[in-house]
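Chemist: Sequence:
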Amino acid sequence: MPQLWAPTIVVYLSIYLAATQHYRKALYPSAYRIKRGTYTLINPSFQRSVEDVNLLFEILLAGMQIQGEDHAMLIPDEELASLRSVEKLEVICEDVLPKKLSDIRRLMAELNRRRQPLNWQDFERTVLTLVYITQTLAQISNQQQREAWTDALIQLFRALQKDLGPSSGKI
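Position 69, counted from 1, in the sequence shown is what numbering that gives the first Met the number 0 calls 68; the numbers after and before it change by one each time, with no gaps.
Worth double-checking, as some hints may not be accurate.
Okay, derived cross-link-like pairs now, DSSO-like style, lysine-lysine, Cα gap no bigger than 30 Å in a straight line [claimed, not checked]:
| id | residue 1 | residue 2 |
| --- | --- | --- |
| 1 | K161 | K87 |
| 2 | K99 | K161 |
| 3 | K98 | K87 |
| 4 | K161 | K98 |
| 5 | K87 | K99 |
Hints were generated in silico from the structure; no laboratory data involved.
From just these sequences and the hints, can you work out the full model?
Modeler: This is the structure in C-alpha coordinates:
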(Lines of atoms letter the chains of each structure in order from A and count residues from 1; the text may use other names and numbers.)
(Lines give C-alpha, C1' and ligand atoms only; values in the text may rest on other atoms or scores of the structure.)
Protein backbone atom coordinates (compact mmCIF):
# COMPACT_ATOMS: atom_id res chain seq x y z
CA MET A 1 0.00 0.00 0.00
CA PRO A 2 2.78 2.54 0.73
CA GLN A 3 3.97 2.08 -2.84
CA LEU A 4 0.67 3.41 -4.23
CA TRP A 5 0.50 6.70 -2.35
CA ALA A 6 4.02 7.80 -3.37
CA PRO A 7 3.27 7.91 -7.14
CA THR A 8 -0.08 9.56 -6.42
CA ILE A 9 1.65 12.34 -4.49
CA VAL A 10 4.24 12.77 -7.26
CA VAL A 11 1.50 13.06 -9.90
CA TYR A 12 -0.48 15.49 -7.74
CA LEU A 13 2.56 17.71 -7.12
CA SER A 14 3.46 17.66 -10.82
CA ILE A 15 -0.04 18.81 -11.77
CA TYR A 16 0.04 21.48 -9.07
CA LEU A 17 3.42 22.83 -10.24
CA ALA A 18 2.31 22.84 -13.88
CA ALA A 19 -0.87 24.73 -12.96
CA THR A 20 1.02 27.37 -10.97
CA GLN A 21 3.53 27.86 -13.77
CA HIS A 22 0.68 28.29 -16.26
CA TYR A 23 -0.92 30.85 -13.92
CA ARG A 24 2.32 32.86 -13.76
CA LYS A 25 2.73 32.85 -17.53
CA ALA A 26 -0.80 34.08 -18.24
CA LEU A 27 -1.07 37.54 -19.79
CA TYR A 28 -4.24 38.16 -17.80
CA PRO A 29 -3.82 36.18 -14.56
CA SER A 30 -7.03 37.56 -13.04
CA ALA A 31 -8.98 35.76 -15.79
CA TYR A 32 -8.18 32.47 -14.07
CA ARG A 33 -9.46 33.49 -10.65
CA ILE A 34 -13.01 32.64 -9.68
CA LYS A 35 -15.14 35.75 -9.88
CA ARG A 36 -18.68 36.47 -8.81
CA GLY A 37 -19.23 33.06 -7.27
CA THR A 38 -19.44 31.01 -10.46
CA TYR A 39 -16.91 28.72 -12.07
CA THR A 40 -18.31 29.40 -15.56
CA LEU A 41 -16.69 32.83 -15.52
CA ILE A 42 -13.15 31.51 -15.17
CA ASN A 43 -11.21 32.74 -18.21
CA PRO A 44 -14.25 34.52 -19.67
CA SER A 45 -14.46 35.46 -23.32
CA PHE A 46 -17.11 37.59 -24.99
CA GLN A 47 -16.63 36.85 -28.66
CA ARG A 48 -17.69 33.34 -29.64
CA SER A 49 -19.36 34.09 -32.99
CA VAL A 50 -19.68 36.74 -35.68
CA GLU A 51 -22.84 37.96 -33.93
CA ASP A 52 -20.81 38.55 -30.74
CA VAL A 53 -18.23 40.53 -32.71
CA ASN A 54 -21.00 42.65 -34.23
CA LEU A 55 -22.56 43.12 -30.79
CA LEU A 56 -19.24 44.28 -29.32
CA PHE A 57 -18.83 46.75 -32.19
CA GLU A 58 -22.37 48.04 -31.57
CA ILE A 59 -21.68 48.36 -27.82
CA LEU A 60 -18.49 50.30 -28.48
CA LEU A 61 -20.28 52.59 -30.96
CA ALA A 62 -23.03 53.17 -28.38
CA GLY A 63 -20.39 54.73 -26.11
CA MET A 64 -19.39 51.98 -23.71
CA GLN A 65 -17.16 53.31 -20.93
CA ILE A 66 -14.70 51.08 -19.11
CA GLN A 67 -14.41 52.82 -15.76
CA GLY A 68 -11.48 52.67 -13.35
CA GLU A 69 -10.92 50.09 -10.61
CA ASP A 70 -13.77 51.12 -8.31
CA HIS A 71 -16.45 51.68 -10.95
CA ALA A 72 -18.57 49.45 -13.13
CA MET A 73 -18.61 49.31 -16.91
CA LEU A 74 -21.18 51.70 -18.37
CA ILE A 75 -23.24 51.10 -21.52
CA PRO A 76 -25.48 54.12 -22.18
CA ASP A 77 -27.93 52.16 -24.35
CA GLU A 78 -30.26 50.41 -21.86
CA GLU A 79 -31.37 47.81 -24.40
CA LEU A 80 -27.78 46.74 -25.11
CA ALA A 81 -26.86 46.87 -21.42
CA SER A 82 -29.71 44.52 -20.52
CA LEU A 83 -28.61 41.71 -22.85
CA ARG A 84 -27.63 38.51 -21.05
CA SER A 85 -24.48 38.08 -23.16
CA VAL A 86 -23.15 41.41 -21.86
CA GLU A 87 -22.52 39.80 -18.45
CA LYS A 88 -19.27 38.22 -19.66
CA LEU A 89 -18.15 41.54 -21.16
CA GLU A 90 -18.80 43.18 -17.79
CA VAL A 91 -16.70 40.55 -16.02
CA ILE A 92 -13.86 41.04 -18.51
CA CYS A 93 -13.94 44.83 -18.24
CA GLU A 94 -14.43 45.01 -14.48
CA ASP A 95 -12.41 42.05 -13.20
CA VAL A 96 -9.91 40.93 -15.85
CA LEU A 97 -8.52 44.01 -17.61
CA PRO A 98 -5.57 45.76 -15.95
CA LYS A 99 -6.52 49.23 -14.73
CA LYS A 100 -3.28 50.45 -13.14
CA LEU A 101 -0.47 51.79 -15.29
CA SER A 102 1.97 49.41 -13.57
CA ASP A 103 -0.22 46.41 -14.49
CA ILE A 104 -0.49 47.65 -18.07
CA ARG A 105 3.30 47.99 -18.26
CA ARG A 106 3.64 44.40 -16.98
CA LEU A 107 1.26 43.31 -19.74
CA MET A 108 3.32 45.17 -22.35
CA ALA A 109 6.52 43.55 -21.12
CA GLU A 110 4.89 40.12 -21.39
CA LEU A 111 3.63 40.94 -24.89
CA ASN A 112 7.13 42.03 -25.96
CA ARG A 113 8.60 38.72 -24.74
CA ARG A 114 6.05 36.60 -26.62
CA ARG A 115 7.21 34.80 -29.73
CA GLN A 116 3.88 33.25 -30.70
CA PRO A 117 0.64 34.95 -31.73
CA LEU A 118 -1.94 35.76 -29.09
CA ASN A 119 -4.83 33.39 -28.59
CA TRP A 120 -8.22 34.92 -29.34
CA GLN A 121 -9.11 35.48 -25.67
CA ASP A 122 -5.89 37.40 -25.00
CA PHE A 123 -6.28 39.32 -28.25
CA GLU A 124 -9.82 40.35 -27.24
CA ARG A 125 -8.62 41.45 -23.79
CA THR A 126 -5.69 43.36 -25.25
CA VAL A 127 -7.99 45.27 -27.61
CA LEU A 128 -10.32 46.08 -24.69
CA THR A 129 -7.30 47.21 -22.66
CA LEU A 130 -6.41 49.51 -25.56
CA VAL A 131 -9.96 50.92 -25.42
CA TYR A 132 -9.61 51.44 -21.65
CA ILE A 133 -6.28 53.26 -22.05
CA THR A 134 -7.76 55.52 -24.74
CA GLN A 135 -10.72 56.40 -22.53
CA THR A 136 -8.46 57.01 -19.53
CA LEU A 137 -6.12 59.18 -21.59
CA ALA A 138 -9.02 61.41 -22.64
CA GLN A 139 -9.71 62.23 -18.96
CA ILE A 140 -6.14 62.99 -17.79
CA SER A 141 -5.04 66.60 -17.48
CA ASN A 142 -1.63 66.16 -15.78
CA GLN A 143 1.02 66.36 -18.53
CA GLN A 144 3.39 63.81 -16.95
CA GLN A 145 0.62 61.24 -16.46
CA ARG A 146 -0.66 61.98 -19.95
CA GLU A 147 2.77 61.18 -21.43
CA ALA A 148 3.01 57.92 -19.46
CA TRP A 149 -0.45 56.76 -20.57
CA THR A 150 0.28 57.87 -24.18
CA ASP A 151 3.45 55.78 -24.15
CA ALA A 152 1.45 52.80 -22.86
CA LEU A 153 -1.14 53.33 -25.61
CA ILE A 154 1.51 53.43 -28.34
CA GLN A 155 3.36 50.35 -27.02
CA LEU A 156 0.16 48.33 -26.69
CA PHE A 157 -0.93 49.36 -30.19
CA ARG A 158 2.46 48.27 -31.57
CA ALA A 159 2.14 44.92 -29.79
CA LEU A 160 -1.27 44.36 -31.41
CA GLN A 161 0.06 45.49 -34.77
CA LYS A 162 2.97 43.03 -34.44
CA ASP A 163 0.53 40.26 -33.55
CA LEU A 164 -1.53 40.96 -36.66
CA GLY A 165 1.52 41.21 -38.91
CA PRO A 166 2.36 38.55 -41.50
CA SER A 167 5.32 37.25 -39.47
CA SER A 168 3.08 36.32 -36.52
CA GLY A 169 1.71 33.29 -38.33
CA LYS A 170 -1.90 34.46 -38.42
CA ILE A 171 -3.85 34.54 -41.64
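Chemist: State for each hint whether it applies.
Modeler: Evaluation of the provided hints:
no., hint, in the structure
1, K161 / K87, "27 Å, holds"
2, K99 / K161, "23 Å, holds"
3, K98 / K87, "18 Å, holds"
4, K161 / K98, "23 Å, holds"
5, K87 / K99, "21 Å, holds"
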